[in-house]
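Going down the list, the protein sequences come from chains A and B. UniProt numbering applies: residue 1 is where the first sequence begins, and numbers increase by one. UniProt numbering applies: residue 1 is where the second sequence begins, and numbers increase by one.
By construction, these hints were calculated from the structure, which means they are not laboratory data. Don't take every hint at face value.
Simulated pairs of lysine-lysine, BS3-like, Cα-Cα distance not exceeding 25 Å [as the list claims (entries may be wrong)]:
1) B/Lys36 with A/Lys62
2) B/Lys93 with B/Lys36
3) B/Lys36 with A/Lys38
4) B/Lys93 with A/Lys62
Cβ pair distances, simulated, as ranges [said to hold, decoys possible]:
5) B/Asn53 with A/Trp14: 36 to 44 Å
6) B/Ile115 with A/Glu21: 19 to 27 Å
7) B/Ile49 with A/Arg78: 31 to 39 Å
8) B/Ile86 with A/Glu21: 30 to 38 Å
9) B/Gln27 with A/Trp14: 20 to 28 Å
10) B/Asp119 with A/Phe82: 19 to 27 Å
On a predicted model such as this, the values are computed, not experimentally measured, just so you know. Glycine included, every Cβ here is placed at the ideal spot set by N, Cα and C.
Spelled out, the chains give:
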Amino acid sequence: MKVNILQWHAVASWTWDAQDETCGICRMAFDGCCPDCKLPGDDCPLIWGACNHAFHLHCILKWVNSQASQAHCPMCRREWQFKG
Amino acid sequence: MIKLFKVKEKQREQAENASGGPPVKKQSAGELRLHKDISELNLPKSCTITFPNGKDDLMNFEVSIRPDDGFYLGGTFLFTFQVSPIYPHEAPKVKCKTKVYHPNIDLEGNVCLNILREDWKPVLNINTVIYGLYHLFTEPNSEDPLNHEAATVLRENPKLFESNVRRAMAGGYVGQTFFPRCM
Numbered sequence: 001m002k003v004n005i006l007q008w009h010a011v012a013s014w015t016w017d018a019q020d021e022t023c024g025i026c027r028m029a030f031d032g033c034c035p036d037c038k039l040p041g042d043d044c045p046l047i048w049g050a051c052n053h054a055f056h057l058h059c060i061l062k063w064v065n066s067q068a069s070q071a072h073c074p075m076c077r078r079e080w081q082f083k084g
Numbered sequence: 001m002i003k004l005f006k007v008k009e010k011q012r013e014q015a016e017n018a019s020g021g022p023p024v025k026k027q028s029a030g031e032l033r034l035h036k037d038i039s040e041l042n043l044p045k046s047c048t049i050t051f052p053n054g055k056d057d058l059m060n061f062e063v064s065i066r067p068d069d070g071f072y073l074g075g076t077f078l079f080t081f082q083v084s085p086i087y088p089h090e091a092p093k094v095k096c097k098t099k100v101y102h103p104n105i106d107l108e109g110n111v112c113l114n115i116l117r118e119d120w121k122p123v124l125n126i127n128t129v130i131y132g133l134y135h136l137f138t139e140p141n142s143e144d145p146l147n148h149e150a151a152t153v154l155r156e157n158p159k160l161f162e163s164n165v166r167r168a169m170a171g172g173y174v175g176q177t178f179f180p181r182c183m
């Protein structure tokens, strides 16, 4: 049998591979974006610390750059270092 | 992704066209987060939350705590919460409106609770703060006092501390200070 494909339509889905559903800082979904962004995905990525806790990049940057944080992970209080 | 980028382009165009027009009032990140905190509150029976300015102003609210155990059993204590637009990057500002004889709350209503100060972190929420306040009444602690006199009495003579607390809550003087009734 010979089949001629006249048209095809590809669909893909994506999700962040984090253990939690939501960011502990803003409580928004990881597959959504931080409250300062409009669109999820590459523009509002997740980032992991050396302690393996994940946050929206924008949320954790705002926190570790603030005086109050002393650059600690908001989950475990260990020194925040980006996972290499 | 192609669709997403189209949406983005469109938004950018709209933003450019709209520049100069009046800014649209939009919920701050702090309000969004607070809204989640409030909707997920799970308080003990002894704590109630009210919004004196109505549901349009979530950022200012009051919590009343009625301890069901300990020295402060039977008293009712009112706290005001002020939440900043950068919440949760900054702890809520909490004051005690009820004058209370307590080692960790001074006579102006300032509250000494670690998670409201040096130990605040953005994964905490309104629920944890309220539990922290509740804990202050069941376990007042004399080690990090704001009211030094009360702390000394608690440390050196818990019986006298207990009777001072009862007297203050019933409405009366402890030393030179008058405390209105709060039972």
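Structure-based check of each hint:
Distance restraint check for B/Lys36 and A/Lys62: the Cα-Cα separation of roughly 20 Å lies within the 25 Å cut-off, and the hinted pair is therefore satisfied. For the given pair, B/Lys93 sits about 18 Å from B/Lys36 by alpha-carbon distance, which is consistent with the 25 Å threshold. In summary, the hint linking B/Lys36 to A/Lys38 is supported, as the alpha carbons are separated by about 18 Å, within the 25 Å threshold. For a cut-off of 25 Å, the pair hint linking B/Lys93 to A/Lys62 stands: about 20 Å separates their Cα positions.
Checked against the hint of 36 to 44 Å, the pair B/Asn53 and A/Trp14 passes, with Cβ atoms roughly 42 Å apart. For B/Ile115 and A/Glu21, the hinted distance range of 19 to 27 Å is satisfied, since their beta carbons lie about 24 Å from each other. A beta carbon spacing of about 33 Å between B/Ile49 and A/Arg78 agrees with the range 31 to 39 Å that was offered as a hint. Hint check: B/Ile86 to A/Glu21, Cβ distance near 24 Å, so the stated range 30 to 38 Å is violated.
B/Gln27 and A/Trp14 have their C-beta atoms about 27 Å apart, which keeps the hinted 20 to 28 Å range intact. Judged by the Cβ atoms, the range 19 to 27 Å given for B/Asp119 and A/Phe82 holds: they are separated by roughly 23 Å.
Going through the hint list in order, the structure does not satisfy hint 8, though it satisfies all others.
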